[in-house]
Amino acid sequence: MLTKRQNLVEVIKGGNPDRFVKQYEAFAMILKTPITRLKPPVGGEIKNEWGVTLRWPEGQLGSFPVHDQDHKVVKDITKWRETVKAPNLIYPDAAWEEAKADVAKIDRNEQFATIFVAPGIFEHLHYLMGMEDALMNFYEEPEAMHELIDYLVDFELRLAKEFIDHLHPDALFHHDDWGSQKNSFLSPDMFKEFILPAYKKVYGYYKANGVELIVHHSDSYGANLVPFMIEMGIDIWQGVMTTNNTPELVKKYGSQITFMGDIDSGVIDYPGWTRENIAQHVERACRNNGKLYFIPGASQGLGVSSFPGVYEATNEEIDRMSKIMF
Amino acid sequence: MAKIDEVKAMVEAGKTKLVPGLVQEALDEGSAAKDILQGMVDSMSVVGDKFSTGEIFVPEMLMAAKAMAKGVDVLKPLMAGDSSNSLGTCIIGTVAGDLHDIGKNLVSMMIESAGFTMVDLGVDVPADRWIDAIKENQNVTLVACSGLLTTTMPALKEAVQTIKGSGLPGFKVIVGGAPVTQEFATEIGADGFAPDAGSAAVKAVELVKA
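Protein chains in written order, with our numbering: chain A, 1 to 326; chain B, 1 to 210.
Hints may be right or wrong, so weigh each one.
[Unchecked claim] Covered by chain A, per the in silico footprint, the following chain B stretches (three or more residues, Cβ under 8 Å): (1) 87-99; (2) 145-153; (3) 199-205.
[As the list claims (entries may be wrong)] When the alpha-carbon atoms are kept at most 35 Å apart in a straight line, the in silico DSBU-like pairs for lysine-lysine are as follows: (4) B/K15 - B/K164; (5) A/K200 - B/K34; (6) B/K15 - A/K72.
The hints are simulated quantities; they were obtained by calculation from the structure and are not laboratory data. For every residue, glycine included, the Cβ atom is placed at its ideal position computed from N, Cα and C.
Produce the complete structure using the sequences and hints provided.
Next up, the structure:
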């Protein structure tokens, strides 16, 4: 029997997996380091290391930036240099000891030691100025947006260097939501101009420095961006929603990129969820997408669920489909 | 091309800097303010349709909405007191626990473009706040509640049931957000549902004119 890691490699290389990969089982996430982004406590609010106010409402799965006029970090994109200051990334070796000890415990034959980075470049723009301003500034102040993106890329490259130097991760799990469930936020042309070059640099750096696997989270529509995902070096697009017609993507691009998801969290992970519903969606996803270049799983951006028991039930149903299909 | 047609074309293209001047030129040529406004409302309807079908993306929609807003600024002094084009006031917000505002803001822009006066309560709006807002504002014809997350579906239900259970008259309730379906909207007692910002504006008009 293959290890979790070996099995995943067989899936993404088009080899001979002996079962479906069960969601995040092959990734040991490294979530606690001196330079991991700050999050507010549940029910609380913080100003993070970039000056972005983040609030985490009670009972919700994550935090979200606050963007009323008082809280925007960038109120005028042409003056972004006055308010955007990248945080310090250089810490003494002693500050890395706990993270190094955690990483040392990972069995790398079984799992990928996976560094976690969020938010990504597009989301970071939104964090700093709010979504509407970010999206309109692509049209109204493209030069300033290019400059700010370059600044964020420089930060991401320095972040990558610190992670690689101290922890030598095998994989990167990088969040950047690029769309709604129905379409990409940006047109492909706009994405190509602003986002693609940035990610070619960031993901290229990780790959050039020994990180084997790039996993990108965007739980959205993004079928129109897949050629760019391939060009920037993504190995696995995690969070692919059913609106993308995943089986068609697997057929068209499978030898170049693997698709993880095709089970929308919203349709299985809700108050009053049922095992029968999960079973139905898992079976549909597994049968329609097949054994190669596809990892079944909920679209959510970590190995958890909003409602207790959903993640585990989904894993059990994937096991059931492995017994049937392998 | 008639000046109003130029206004329409430039609103659709999101030319924020050109629209105010063209609106003024249309007025100078003798076009009535309400006709120019109607032309821009028609343009935004086209924009909404193109967004719904995926032909244009969020930035293009935002730019069109901004272009129309710039044009409306020119018309406002001329239309003060003229309520013939108004469809009433729409109270909008995201329900308790939900901070995601992009969908709500897009819907707000599109509903405003259709002829409503918007009162935006922002994000994370507790159930009682909706009631206060309906009481505080005149001629409320529509209440639009948004929830992006499955974890806020109970809050969406609570908001709709509190609003509908208040006994306050004269308005319809429309809901939307990623996990929301027509079935869920019906189940929680909403009057209407829309899957995206373009169709929300169409549904909003349909609901208040019904």
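Checked hints:
1. 87-99: Held - the stretch 87-99 of chain B has 4 residues with a Cβ nearer than 8 Å to chain A, which meets the minimum of three.
2. 145-153: holds (count 5)
3. 199-205: violated (count 0)
4. B/K15 - B/K164: 41 Å, violated
5. A/K200 - B/K34: Violated, at about 50 Å.
6. B/K15 - A/K72: Given that 35 Å is the threshold and the Cα spacing comes to 25 Å, the pair holds.
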